[in-house]
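Take a look at the letters that make up each chain.
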Amino acid sequence: MPELGRAALVAALGLILYAVVAGGYAALRGRRRLLDSAANALVAAFAAAGIASLVLFAALAARDFSFEYVARSTSRELPMGYTLAAFWSGQAGSLLLWLLVLTGSASAAIALNRGLVRDVLPWAVPILGAVAAFFAILLVFVASPFATQAAPADGAGMNPSLQNPYMMIHPPMLYLGYVGLTVPFAFAMAALASKRTDERWIVATRRWTLAAWTFLGFGILLGAKWAYEEVGWGGWYAWDPVENAALMPWLVATAFLHSVMVQEKKNMLRVWNVVLVAGAFGLSLFGTFLTRSGVINSIHSFTQGPIGLWFLGFIAVVVAASTALILARMSHLRSRTRLESLVSREAAFLYNNLFLVAFALTVLWGVVYPLVSEAVRGVAVTVGAPYYDFFAVVFGLPVVLLMGIGPLVAWRRASLRSLGASLLWPAGIALAAGSALLVWGAGSSPAGLVGYTFGAFVLAAIVLEFARGTRARKGLEKGGWLAAFTSLVARNRRRYGGYVVHASIVLLLIGAIGIGGFSTTREARLAPGESLAVGGYRVELLGADERRGANAQELRANLAVYRGDERVGTIAAGKNRYLAEEQTSNEVAIRTDWLRGEDLFVIGDRFFENGSVYLKVFVNPLVNLIWLAGFVFVAGALVAMWPDAREQRRLAGRLAIARA
Amino acid sequence: MAKRRSPARLVVALSIAAVLAVFLLYTSFAGGATPSLRPSQLADHPGEVSLAGRVVGPVEGDARGSGLRFTLRDIDGTATVPVVYTGSVPDLFQVGRHVYMRGELRNGLFVAEKDSLVTKCPSKYEPKES
Chain A
1 MPELGRAALV AALGLILYAV VAGGYAALRG RRRLLDSAAN ALVAAFAAAG
51 IASLVLFAAL AARDFSFEYV ARSTSRELPM GYTLAAFWSG QAGSLLLWLL
101 VLTGSASAAI ALNRGLVRDV LPWAVPILGA VAAFFAILLV FVASPFATQA
151 APADGAGMNP SLQNPYMMIH PPMLYLGYVG LTVPFAFAMA ALASKRTDER
201 WIVATRRWTL AAWTFLGFGI LLGAKWAYEE VGWGGWYAWD PVENAALMPW
251 LVATAFLHSV MVQEKKNMLR VWNVVLVAGA FGLSLFGTFL TRSGVINSIH
301 SFTQGPIGLW FLGFIAVVVA ASTALILARM SHLRSRTRLE SLVSREAAFL
351 YNNLFLVAFA LTVLWGVVYP LVSEAVRGVA VTVGAPYYDF FAVVFGLPVV
401 LLMGIGPLVA WRRASLRSLG ASLLWPAGIA LAAGSALLVW GAGSSPAGLV
451 GYTFGAFVLA AIVLEFARGT RARKGLEKGG WLAAFTSLVA RNRRRYGGYV
501 VHASIVLLLI GAIGIGGFST TREARLAPGE SLAVGGYRVE LLGADERRGA
551 NAQELRANLA VYRGDERVGT IAAGKNRYLA EEQTSNEVAI RTDWLRGEDL
601 FVIGDRFFEN GSVYLKVFVN PLVNLIWLAG FVFVAGALVA MWPDAREQRR
651 LAGRLAIARA
Chain B
661 MAKRRSPARL VVALSIAAVL AVFLLYTSFA GGATPSLRPS QLADHPGEVS
711 LAGRVVGPVE GDARGSGLRF TLRDIDGTAT VPVVYTGSVP DLFQVGRHVY
761 MRGELRNGLF VAEKDSLVTK CPSKYEPKES
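Order-wise, the sequence lines are chains A and B.
Just so we're aligned: 199 in our numbering is position 199 of the first sequence, and the numbers increase by one with no gaps anywhere.
Just so we're aligned: 677 in our numbering is position 17 of the second sequence, and the numbers increase by one with no gaps anywhere.
Calculated from the structure, these hints are not laboratory results.
From the three backbone atoms N, C-alpha and C, an ideal C-beta is built for every residue, glycine too.
Among these hints, one or two may not hold up.
Stated by the list, open to error - Pair ranges (Cβ atoms, derived):
(1) 767/B <-> 308/A: 34 to 40 angstroms
(2) 319/A <-> 736/B: 27 to 33 angstroms
(3) 736/B <-> 533/A: 46 to 52 angstroms
(4) 308/A <-> 773/B: 28 to 34 angstroms
(5) 681/B <-> 610/A: 56 to 62 angstroms
Given the sequences, and given the hints that come with them, work out the whole structure.
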């Protein structure tokens with residue numbers, strides 16, 4: 001079996017190298033049949049990576065500890081779900097997942113754009129192949145998941161903090177996001193290499209970018225939920241380097257999704273767009289590097305090994321090659337149109353881009369600051385949460401404001417008077433909401449108050465846009481309001497899907513400010529029968545007990561929850577002692593009250609011999625809006641991504657003209 | 661047609677200037693950055709720092725009482741410093757683990773900030789490769 005896995009990886013590497021060499025030659029000489037053959041080699045490499053993955057899955061399912069990888073990350077007691085998810089819990093498996101997803105999406109992207117790739121962007125094939133080659137080389141020569149040993153009696157088990165249902169879904173989501181960004185990057189570089197710098201590469205990859213960005217965004221939120229429940233310190237995002245690693249490419253991809261609209265509509269920002277897509281891809285590689293290299297102190301840094309240098313080298317090659325290519329093609333990228341007014345839709349997109357990229361760069365600076373300061377001053381200096389919080393407010397709030405203004409500004413040149421008229425209602429509603437919150441006592445966090453006011457402004461603007469559009473459609477067509485509404489959205493999925501995504505960001509903002517600015521916490525050591533009052537709740541310790549779970553000894557403090565004098569429920573917070581792994585992990589108790597929109601969050605921090613327990617209790621208002629935002633985000637992205645026959649025809653028409 | 665400078669450039673230049681200004685303001689007023697050190701470097705850096713090292717036993721005392729006492733050693737060295745810590749003890753904390761925390765050196769004793777102790781994931785799950 002391990003031989004089959006190794007052979008499949010070697011075959012994949014060979015096929016990929018062929019795709020790079022033959023594809024490069026075909027692109028250079030314009031050999032279409034050779035290019036097809038190179039593209040087919042990528043499909044075959046996908047199949048080979050699939051076989052290797054199946055071998056690894058089979059070894060995990062059989063708990064075959066003669067595979068070093070299996071022995072290292074699972075144990076006999078580990079439930080089957082987690083055992084299979086161990087595929088991506090370690091380094092070699094993660095790399096295999098990268099290769100599998102990359103060859104798969106490369107094959108699909110080429111197949112779906114066959115004509116375009118053949119005639120216009122032949123370089124897409126060797127470029128996609130070159131990225132895949134990097135991962136295949138790592139898997140064959142550096143970190144093979146198929147290394148074998150004399151099978152030990154039992155495996156080392158899985159890190160307890162990974163034993164959470166989110167483990168099964170969060171890492172694959174992030175990888176789909178990271179890897180998905182390879183496709184727009186490769187097409188952009190192919191457009192430069194082939195000197196076809198019109199917007200065709202953007203149109204061809206728009207949905208890939210959207211999908212990758214959706215996976216990445218949803219993956220980040222799943223990770224946040226995981227951290228909230230499993231790491232259990234009462235928060236949801238800690239600006240940990242590895243969390244930031246996923247946030248940076250997401251921010252840059254967000255900027256890219258907005259600025260490509262300017263290029264499609266006005267043929268501007270062409271240099272900027274290729275820089276953004278290269279940046280997003282570079283940052284996604286950097287993200288994988290951070291997760292996998294242990295170069296920066298983080299609770300995520302699992303490993304320190306030679307793999308870090310490989311990644312660093314590859315990132316350097318990618319950055320150097322794309323910079324050189326962009327510079328070499330600068331004359332092709334000059335736009336013939338320019339910004340006509342600072343008050344226009346394209347200017348609003350430009351401002352949003354500057355804030356998003358500035359934020360991504362400050363996060364990057366914070367992440368690498370320990371390395372930079374170590375190199376310069378000899379002492380690694382870490383920046384803490386205050387640094388990131390500060391910049392999240394400084395750059396984040398203007399972006400929120402722009403989400404409300406941008407959609408109301410006309411393209412080209414907007415008159416301030418008409419802009420003022422369309423902003424009147426949203427601004428009025430926002431000011432009313434802000435004043436109401438101030439009276440209600442939300443002024444304790446000024447940034448929070450401003451955030452809520454901006455959020456109300458954006459929501460009002462979105463609702464008004466939907467209402468205005470629906471009324472206009474109803475005037476044009478027969479049928480009721482619902483028909484007019486669906487017709488409105490169907491006719492411009494991208495625009496209205498975008499509005500839904502904007503609404504989800506506002507939900508996220510409301511939740512983040514709620515937990516960040518208005519949560520309350522208390523901690524105390526309680527003996528059985530004693531209680532602790534926090535934010536309208538009273539938590540009484542009934543007693544502590546210990547029971548045997550599936551693969552862990554479970555220590556629990558049983559707690560009665562009171563609101564006023566009424567007992568509203570019982571919860572249990574404590575710790576799991578994992579047997580095979582000889583590790584302990586916190587199992588927090590979370591009681592969600594949807595009606596009040598808050599969580600009661602209890603950590604059983606220490607258990608004493610005499611039955612008393614040291615508890616930390618949080619009341620986190622509005623935190624559930626953060627999770628809700630994740631679903632609204634995906635819904636909006638799906639609306640924007642949904643295939644649209646009318647749009648396809650329109651684009652086909654435009655592209656035919658562009659080609660003529 | 662007279663050659664007019666694109667306002668886009670102006671916007672870009674102004675924004676970069678604004679970003680730099682904000683940056684300078686932030687670094688001069690807010691601070692928030694702490695040097696992260698090994699026990700052997702502690703003596704040269706008074707004030708609040710982050711300290712990373714390997715836990716050396718015996719681990720005594722109560723983190724919820726007068727404080728948990730242990731010794732921290734350079735991860736690849738021999739210099740050590742005694743530490744006293746109060747607050748939450750991470751689940752993975754034990755002798756031999758790599759941990760880091762914030763605090764400052766007072767009379768040869770590193771007094772850690774409450775709840776600042778973080779353990780790195782044990783290398784057991786991915787053995788260190790040569």
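These are the hints, each one checked on the structure:
| no. | hint | in the structure |
| --- | --- | --- |
| 1 | 767/B <-> 308/A: 34 to 40 angstroms | 39 angstroms, holds |
| 2 | 319/A <-> 736/B: 27 to 33 angstroms | 31 angstroms, holds |
| 3 | 736/B <-> 533/A: 46 to 52 angstroms | 49 angstroms, holds |
| 4 | 308/A <-> 773/B: 28 to 34 angstroms | 30 angstroms, holds |
| 5 | 681/B <-> 610/A: 56 to 62 angstroms | 58 angstroms, holds |
Going down the numbered hints, you'll see the structure goes against none, and every one checks out.
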